[in-house]
Every structure is written in structure tokens, then in C-alpha cells.
Amino acid sequence: MNTKASQHQPTRREVLLAGASLVAAPVALSGVCLPRPVTDNGRSLVLVRLRGGYDGLSVVVPHTNDVYYRGRPTLSVPKKEILPIDDERGMAPELEQLHAILLAGGASIIQGVGYPNAPLSHFKADAIIDSALPDNRVEDEGWIGRLRKHLWPDNVLPELVTHVGPLPPQSLRSPDRPSLCFDTPLSLRSLVRTGPGASRLGGRSAVRLQSGEGMREHDMLSRLRNTGQATERLAPEIRRLVRRRKPQAEYPVGQFGESMGTIAALLDSGFGARVYHVTHGSFDSHSAGCACQADVQREFSRGIGSFLEDLKGTHAAQNCLVVCYSEFGRRVSENASGGTDHGAASPIWMFGQKLLPGIHGASPSLTDLDENGNLKYSVDYRAVFAAVIDSWLGGDHRQVLRARYDYPEWIKSL
Amino acid sequence: MGELLAVGDEAREPSLRLVRWEEYGCNQDGDDLGIPELMAMPSKERSTRLQELRSIDKEQFLDHVCGWLRGMLEHRDPVRDRLTLFWHGFFPTSIRVTLRRYELIRQHRFLRRTALAGFGDLLHGIVRDAAMLGYFDNDSNSKEHPNENFARELLELYSLGEGNYTEVDVREAARCLTGYQGESGHFVLNKDLHDEGEKVLLGQRGNFDGDDLAEILLGQEACARYVSRALLSWFEGSAPTDGRVDSYAAFMREHDYDLAAWIHRLSCDPDFYRDEVIGQRVAGPLEWLVSTSRRLGVSPSPHFLYYGAAFAGQQLYAPPCVTGWDEGEAWITHSSLFQRADLLGALLGLLTIEGHGEDGPGDKVAAFLAQVRGHGLGVPDLAKSLTAAIGSEVGDEACVRWAADNWLGREADIVVLGTTGHRLQEMRKELEATGPLLQHSKANEVLLHCAHTMLSSPIAHLA
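Protein chains in written order, with numbering that gives the first Met the number 0: chain Z, 0 to 413; chain C, 0 to 462.
Hints should not be assumed to be uniformly reliable.
Listed below are the simulated DMTMM-like cross-link pairs for lysine to aspartate or glutamate, each with C-alpha atoms no more than 25 Å apart in a straight line [unchecked claim]:
| id | chain 1 | residue 1 | chain 2 | residue 2 |
| --- | --- | --- | --- | --- |
| 1 | Z | 245 | C | 362 |
| 2 | C | 383 | C | 396 |
| 3 | C | 57 | C | 182 |
| 4 | C | 142 | C | 197 |
| 5 | Z | 123 | Z | 140 |
| 6 | Z | 123 | C | 326 |
| 7 | C | 142 | Z | 369 |
| 8 | Z | 375 | C | 166 |
| 9 | Z | 123 | C | 328 |
| 10 | Z | 148 | Z | 405 |
| 11 | Z | 123 | C | 166 |
| 12 | Z | 411 | Z | 39 |
| 13 | C | 363 | Z | 231 |
| 14 | Z | 123 | C | 245 |
| 15 | C | 363 | Z | 294 |
| 16 | Z | 123 | C | 241 |
| 17 | C | 363 | Z | 298 |
| 18 | Z | 375 | C | 161 |
| 19 | C | 363 | Z | 236 |
| 20 | Z | 123 | C | 161 |
| 21 | C | 363 | Z | 158 |
| 22 | C | 142 | Z | 370 |
| 23 | Z | 123 | C | 235 |
| 24 | Z | 123 | C | 325 |
| 25 | Z | 311 | Z | 267 |
The following label-pair restraints were derived from C-beta to C-beta distances [unchecked claim]:
| id | chain 1 | residue 1 | chain 2 | residue 2 | range |
| --- | --- | --- | --- | --- | --- |
| 26 | C | 255 | Z | 80 | 52 to 60 Å |
| 27 | Z | 63 | C | 374 | 55 to 63 Å |
| 28 | Z | 41 | C | 272 | 50 to 58 Å |
| 29 | Z | 311 | C | 47 | 45 to 53 Å |
| 30 | C | 255 | Z | 218 | 34 to 42 Å |
| 31 | C | 166 | Z | 364 | 15 to 23 Å |
| 32 | Z | 249 | C | 245 | 52 to 60 Å |
| 33 | C | 189 | Z | 364 | 30 to 38 Å |
| 34 | Z | 243 | C | 372 | 27 to 35 Å |
| 35 | Z | 370 | C | 187 | 33 to 41 Å |
| 36 | C | 272 | Z | 95 | 57 to 65 Å |
| 37 | Z | 372 | C | 278 | 48 to 56 Å |
| 38 | C | 387 | Z | 153 | 52 to 60 Å |
By construction, these hints were calculated from the structure, which means they are not laboratory data. No residue lacks a Cβ here, since even glycine has one placed at the ideal position from N, Cα and C.
With the hints as extra help, turn the sequences into a complete structure.
Here is the structure:
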């Protein structure tokens with residue numbers, strides 16, 4: 000892959016040609032790795048965690064492959080409904096927006112992403128992906144926790160890394176750098192009237208500061224107090240920024256669309272976050288998955304479509320890269336319940352103005368499967384993270400991932 | 000301990016009608032099953048009748064949950080209630096998947112009845128539980144097309160834990176479970192789908208079925224370790240050391256998985272009361288709401304507890320995934336502190352739906368307040384309880400100290416006492432109130448805000 004970064008609209012043929020094998024093998028680091036000074040390039044990252052196992056064959060559909068139709072008698076996309084990409088590949092109709100974005104050169108798909116010795120348990124696979132360490136090691140600190148310390152070592156503010164959603168994700172965990180986690184902007188306020196004396200309190204919220212400086216405290220309590228303090232400081236700002244900005248696109252109803260709308264508003268208002276995180280799913284459709292999986296995909300497609308539309312022409316759009324990834328894929332053949340069981344390789348979506356658009360990585364073989372009957376991976380997910388860390392954020396991935404990963408030329412276009 | 004466990008179980012269950020779709024001639028999708036009464040109806044009437052049945056199913060489910068919550072609030076059988084909540088998170092099923100909610104009621108009754116019996120009884124029962132089998136699509140697990148969904152979670156999440164079995168074990172376990180189905184809330188073995196062939200798993204060979212599978216799992220050393228680790232983490236709020244897990248796992252195996260004995264040992268263990276454990280565990284929304292209500296001496300309706308816990312992130316029978324809820328620190332986010340503050344405000348009567356319009360789709364407070372409208376508890380009379388306890392002539396400091404001792408449920412530190420005292424003085428100034436607080440006409444209003452200040456502080460979320 001020696002294709003240079005290009006800003007022009009790719010032709011169909013170019014989109015097709017972007018696909019090629021790009022096995023990236025990790026090279027373990029021996030000895031101590033000298034830190035390289037990092038200069039902040041001002042760019043942001045939006046991570047979308049697709050939960051539950053994301054089915055690559057429902058994204059890039061091999062609509063000329065009989066193995067696909069034989070393996071999925073009820074789940075396959077009928078040929079007449081396929082949104083075409085090229086002669087052999089197409090997309091499911093529910094990915095209408097993403098299909099258009101891909102053809103317009105605003106997206107890239109990396110096919111066949113996975114890693115060696117991948118377990119088929121969500122729990123374990125989540126822990127491995129969220130740690131992103133060599134040899135599938137798992138640690139309490141997530142890879143984003145390490146990333147922030149590497150890129151922005153002096154910034155200890157929680158909002159530097161912001162998750163929008165009700166539950167805090169594992170990849171953001173850090174023992175000493177808590178990240179911001181909130182459900183919706185409206186959830187960042189208390190409705191309780193402050194009662195008698197309220198005038199003197201200046202409308203202060205019910206989540207009291209109660210800082211315990213100079214006091215001996217147990218860990219958990221001081222962590223909760225820090226959370227309370229950050230909340231007190233950030234809640235009014237976030238609500239103001241989101242309220243002030245008029246969205247330039249209509250977002251789909253639901254948690255994902257709302258969260259993407261919030262992220263767009265914060266990105267475009269210069270909020271202090273550099274990494275945004277949101278989850279979407281579940282894609283874990285073991286049964287009669289067709290309709291339900293389609294709904295989750297549609298919401299994803301519309302949410303991303305609205306987000307890109309909303310930010311079109313802004314400085315924020317030039318400075319943000321969206322990366323969407325899952326813990327694993329799904330099995331090639333459907334099960335007796337009309338769903339698919341846990342698989343191995345799955346695709347990663349990326350959206351941004353500087354990336355080389357198209358479909359990258361070879362389409363996984365539907366017949367040459369691993370020992371569990373799953374698609375073989377050809378790209379290590381850590382190599383993708385490495386490319387994002389180096390090429391997009393200007394860091395040194397070895398410092399974050401604790402090993403060196405080779406990644407292909409095209410991704411350097413970021 | 001014995002005393003706590005003595006209170007009967009079945010007596011408190013509300014009478015259940017347990018409407019079953021099948022009895023009315025249709026399944027949950029509304030397909031006719033040939034019952035003349037329903038078949039004879041014109042289609043419009045039939046769809047109305049179906050809707051009625053659906054709402055009865057929902058209603059009886061809510062009645063059932065409310066019975067459980069009422070019991071929690073009244074402290075009728077607290078250890079069993081806690082364990083039932085634990086097992087509900089350990090063996091989660093979801094209202095979002097299980098359309099026939101009476102199956103969830105049956106499952107709850109089973110978990111509750113068995114909560115303190117043996118883990119072996121739990122595992123054997125859960126393998127034959129209709130709601131569980133439905134949740135994991137085991138109805139379509141057949142010898143021709145094994146579906147390994149339930150088998151995998153059974154090994155990974157409900158007995159052995161990751162790393163203690165192979166992919167071959169998962170496939171063989173799925174074969175053991177073929178033909179295991181629920182029918183009208185009861186277990187049936189569908190012999191046509193069951194694989195009678197020989198299976199080899201976890202070093203054993205035989206024509207095993209699901210019940211044999213449960214027995215094989217219980218025979219693994221990893222099982223007692225996995226269950227002990229889960230229980231210790233939950234009760235102590237932090238990950239136990241391997242040594243501690245081994246010791247409790249050995250005890251569990253020696254006692255044939257007897258849970259009452261296991262809990263008794265924990266409650267007598269000095270290490271259970273060590274500094275790193277006491278007051279360091281973030282209480283889950285339901286636990287926080289119930290214990291706060293009890294300490295304040297207020298009696299919210301069970302509806303309030305059900306919707307309130309859901310508002311704060313813990314909807315019963317709808318855990319986020321197959322691993323139940325992420326417990327501990329994961330309960331606290333920057334927005335959940337506000338949600339708990341609002342929930343407390345509603346509990347204290349400081350927050351009502353009147354005068355609050357919905358701000359937009361993300362306004363979950365408005366949705367919550369609408370859900371509990373009509374189930375309100377009025378404004379609690381805290382002044383009355385304080386007066387009864389310490390008389391009406393005491394000074395402010397004594398009031399705050401009594402409130403902290405009784406409402407917080409733990410030793411209050413100077414930060415909480417100081418902030419609450421400061422709040423009280425501010426309100427005094429505003430009201431131009433002199434003399435003993437409890438003799439003032441607005442004493443209760445002041446105390447409600449003091450309670451809100453005190454109980455929405457971070458320390459109040461730790462148990």
C-alpha cells in the first residue's frame with residue numbers, strides 16, 4: 000500500500016483498490032523505550048465502542064459469494080436490497096448514510112480486524128480490547144487512561160477525556176486520572192429548589208462541594224468528593240455550551256443519536272475534551288437477529304450521518320477523527336435461532352477528512368476459518384490504535400501500547 | 000443471623016393471578032392457538048382483548064416487584080432480600096427480552112426460595128428455568144443446530160469463570176442443553192431436539208444432559224472459587240485477594256455449597272469489618288434508596304422505589320447485560336450524583352412534578368416524576384421525629400448531630416457536620432429565626448433541606 004493521502008473524491012475503482020492485505024505484527028519492545036517528546040497537535044478523537052460483537056458480513060456484504068447466502072439463509076441481505084460498492088461487495092440497506100459517506104470519500108473501513116488467541120467471551124474480550132496490551136494482558140488501567148498520560152501529561156482535568164452515556168467504560172479507567180462521565184446534558188443539574196436562604200447561595204446545586212482538604216480520608220470517599228467537585232464546575236458549562244449551539248442536523252431519537260449530538264456541540268464550542276467516548280449497541284444478536292440488528296445498525300448509520308452533517312464546514316470537523324470498533328465479530332453461519340454466535344474478526348469504521356477513504360484490508364475468507372469456525376483476522380486492532388496514536392494524534396504508540404506495531408502506509412495519511 | 004433468616008417467605012407474596020397468554024389462546028405475539036373463545040372474536044375485538052391481557056401481565060409483574068420492594072423497606076427478611084438481589088444480578092434475565100413476565104415472577108420466586116440454600120440448588124434450578132432458557136434462546140438449541148449462547152454464559156459467568164474451560168467444553172455443554180425449553184413458564188425437555196449422544200467435557204465422558212452438566216460444573220474446583228469471589232466482591236465492595244477467595248472457596252466446598260453457612264462465616268469474620276471494607280462500598284441505587292428511606296423514617300411507596308432505582312440506573316429485571324450490573328464505583332458518574340440528589344429531593348417532598356415541564360427528550364427527571372405521580376408520599380415530618388427523640392428545646396448543634404447519627408447511618412465527619420450546620424445557619428438568617436429551631440413554625444422545612452444537604456453529600460453513598 001503506497002497510496003498517498005488524497006483529498007480528492009475517490010472513484011469506485013479507487014475505493015475497491017484500497018483493499019489489500021495489511022497484516023501488522025506486534026514487535027515486543029526489548030529494554031526501556033526512550034520517551035519521545037510529544038507536541039500537542041490540537042486534534043481530537045471520538046471513539047465509538049460498538050458493544051456486543053459487530054458483524055462484518057452485515058457491513059461489507061459479499062453479495063456474490065454463495066457461501067454467505069448458504070450460511071445465512073434468513074439473515075443474509077437479499078441481493079436486490081444491496082447498496083452496491085463494487086462488483087463483489089455491497090452494504091445492507093440500513094447503512095444508507097454510511098454507504099453514501101463511504102462513496103463520497105468520508106469514511107474508511109478496515110476489514111478483518113482482530114488479534115491472536117481471541118476469546119469468545121464478551122467479558123474477557125472487552126477487558127483485552129480495553130487494555131490494548133501485548134499478549135492479551137489485562138490491567139485495571141484502560142488504554143485511553145495511558146493515552147492521556149502520554150499525550151497530555153500535565154492535564155489532569157477529568158473533561159480531557161469525556162464519556163457521554165450512563166455507564167463509565169473500562170477503556171477510560173485510570174487510577175489517578177478520572178475522566179468525565181455524564182448521561183445527557185440535562186442530567187447534569189438538580190431540580191431541587193435550594194429552599195430558604197437560596198438567594199445567598201447563588202443558586203448553588205445540591206451536589207455540595209464538601210471538599211475534605213487537610214483531612215485524612217479513605218480512598219473511595221475522596222474519589223467521590225473529587226467527582227462532586229468536578230461536577231459542580233463542569234455541569235453549568237456543559238449545559239450552557241450545548242444549549243447555546245443550534246444543531247445543523249437532525250439526530251435520530253435514542254441514546255446514541257443524542258450522545259453524538261452532545262459531542263458535536265461540545266467539539267464545536269471548544270470544550271476542554273480531546274477524547275470523546277460513546278457506546279452503541281448491543282449488537283449481540285444471537286436470535287432472530289435480523290430486524291433487531293438492522294435497527295441498531297440503522298441508528299448507528301443515522302447517528303454518524305447526522306454528526307458529520309452537523310459539523311460540516313467547521314474547524315472541529317477538520318480536527319476530529321471518529322473511530323468505531325467492537326470487541327469481536329460474529330460467526331459466518333447463522334445458528335438455529337436465526338441469529339449469529341460470537342465470532343472473531345470484525346471491521347473498524349473511521350470517519351475524518353484526512354484519512355484515505357475506502358475499504359482497507361482483504362475481505363476475510365468465508366471458507367478458510369479459524370478453529371472455532373470464525374473469520375480469520377488480518378489486521379491487529381492494536382496496529383490500528385497505534386496508527387491513530389502516531390499519525391493522528393502525533394504521539395508515540397510504543398509508549399501507550401507497550402510494544403511496537405507496524406501499520407501500513409495508507410494509514411499514515413491521517 | 001438465625002433470627003434474620005427465620006422470617007417466612009411465601010406468606011408475604013401478593014396473590015398472583017399469573018395470567019398466561021397460552022391460557023387465553025394466543026402466544027405473546029398474538030398468534031392464535033386455536034382457542035374458540037378468542038378465535039370467534041372479530042379481529043378488532045381480539046386485538047383489544049390481547050392488549051388487555053398484555054396490560055394484566057405487566058400489572059401483575061409490577062405488583063410482584065412492589066411486593067419485594069415493600070418487604071425490603073419493612074425489613075422483613077433483609078438477608079434474603081439482599082441475596083435475592085445479588086442472585087438477580089448474578090443470573091440476570093431481562094424484561095426487555097422476556098415478553099411473558101410471569102416467567103420472571105416464577106424465576107424470582109425460585110431465586111428467593113433458594114437464595115440461602117445451596118449454590119448447587121441454584122445452578123440446577125437455573126438450568127431448568129423458563130425465563131433463563133428463553134433469555135439465552137435455548138428454545139432453539141437442538142442437536143442439529145446447537146446454540147451455544149446459554150452454555151457459554153453458564154460456564155463463563157454462572158459457574159467456572161473464564162480460563163477454566165475450553166471452546167470444546169462450550170460446544171459439548173451446548174449439546175447437553177439441547178432440547179431444554181420453557182413452556183408456559185415451566186421446564187420441558189423436548190426429546191426431539193435433545194442430543195442423546197456421548198459428550199466429553201471437562202475430562203468426563205457420558206451421555207450427559209443439562210442436569211448432569213450442572214453436577215459436573217459443581218464438581219470443578221473453579222466453581223466454588225468463582226462464586227466465592229463474586230459474593231466477596233459484592234459484600235465487601237472491592238476485589239478480594241486470591242488467598243481470601245481460596246479460603247472461602249475451600250469452605251464452600253467443604254459445606255457442599257451451603258450458602259447460609261457461607262454467609263454466616265463471613266458475618267463472623269473479623270476481616271469483613273476491616274477499615275478498607277467498612278464504609279468503602281458504593282451502595283447501589285436501590286440499596287441506597289431503601290436504606291436512606293429507612294433511616295429517615297419515611298415510607299415511600301414501592302412504585303417510588305422501583306422507578307426511583309431505575310431513574311438512578313438500576314432498573315430491576317433490566318440489567319444492562321449478561322453480567323448484571325457493574326457494581327461499586329461504576330455507580331457514581333458526574334451525572335448520577337445529580338440523579339441521586341433529585342431522587343432524594345423527591346423522597347423528601349422537595350421536588351414535585353408540578354411546575355416542572357419536560358425540557359426535552361433527555362429529561363429523565365420529568366419522566367421519572369411522571370411515573371411516580373400519584374404514588375407520592377407527601378412531605379415527611381422530620382421536625383416531629385426530632386422533637387420526639389431529643390425534645391424541642393435543644394440547640395442547633397445537637398439537632399445536626401442527632402440528624403447525622405440517625406440519617407447518615409455511619410459516623411459523620413466534620414465536613415458533613417460543618418456543611419449541614421452552615422446550611423442551617425443560612426436558613427435561619429433568611430427566616431430571621433431565633434430561639435430553638437424545633438419550636439419555629441418552619442422547622443420542618445429547614446430540616447428537610449438539611450437532610451438533603453447531608454444525604455446528597457458523597458459520604459452518604461458509601462455503605
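Hint by hint, here is what the structure shows:
no.	hint	verdict
1	Z:245 / C:362	holds, 18 Å
2	C:383 / C:396	holds, 17 Å
3	C:57 / C:182	holds, 19 Å
4	C:142 / C:197	holds, 12 Å
5	Z:123 / Z:140	holds, 15 Å
6	Z:123 / C:326	holds, 17 Å
7	C:142 / Z:369	holds, 23 Å
8	Z:375 / C:166	holds, 16 Å
9	Z:123 / C:328	holds, 20 Å
10	Z:148 / Z:405	holds, 23 Å
11	Z:123 / C:166	holds, 14 Å
12	Z:411 / Z:39	holds, 17 Å
13	C:363 / Z:231	holds, 20 Å
14	Z:123 / C:245	holds, 22 Å
15	C:363 / Z:294	holds, 23 Å
16	Z:123 / C:241	holds, 19 Å
17	C:363 / Z:298	holds, 21 Å
18	Z:375 / C:161	holds, 22 Å
19	C:363 / Z:236	holds, 20 Å
20	Z:123 / C:161	holds, 7 Å
21	C:363 / Z:158	holds, 23 Å
22	C:142 / Z:370	holds, 20 Å
23	Z:123 / C:235	holds, 23 Å
24	Z:123 / C:325	holds, 15 Å
25	Z:311 / Z:267	holds, 10 Å
26	C:255 / Z:80: 52 to 60 Å	holds, 57 Å
27	Z:63 / C:374: 55 to 63 Å	holds, 59 Å
28	Z:41 / C:272: 50 to 58 Å	holds, 52 Å
29	Z:311 / C:47: 45 to 53 Å	holds, 48 Å
30	C:255 / Z:218: 34 to 42 Å	holds, 38 Å
31	C:166 / Z:364: 15 to 23 Å	holds, 20 Å
32	Z:249 / C:245: 52 to 60 Å	holds, 57 Å
33	C:189 / Z:364: 30 to 38 Å	holds, 36 Å
34	Z:243 / C:372: 27 to 35 Å	holds, 32 Å
35	Z:370 / C:187: 33 to 41 Å	holds, 34 Å
36	C:272 / Z:95: 57 to 65 Å	holds, 60 Å
37	Z:372 / C:278: 48 to 56 Å	holds, 50 Å
38	C:387 / Z:153: 52 to 60 Å	holds, 56 Å
Going down the numbered hints, you'll see the structure goes against none, and every one checks out.
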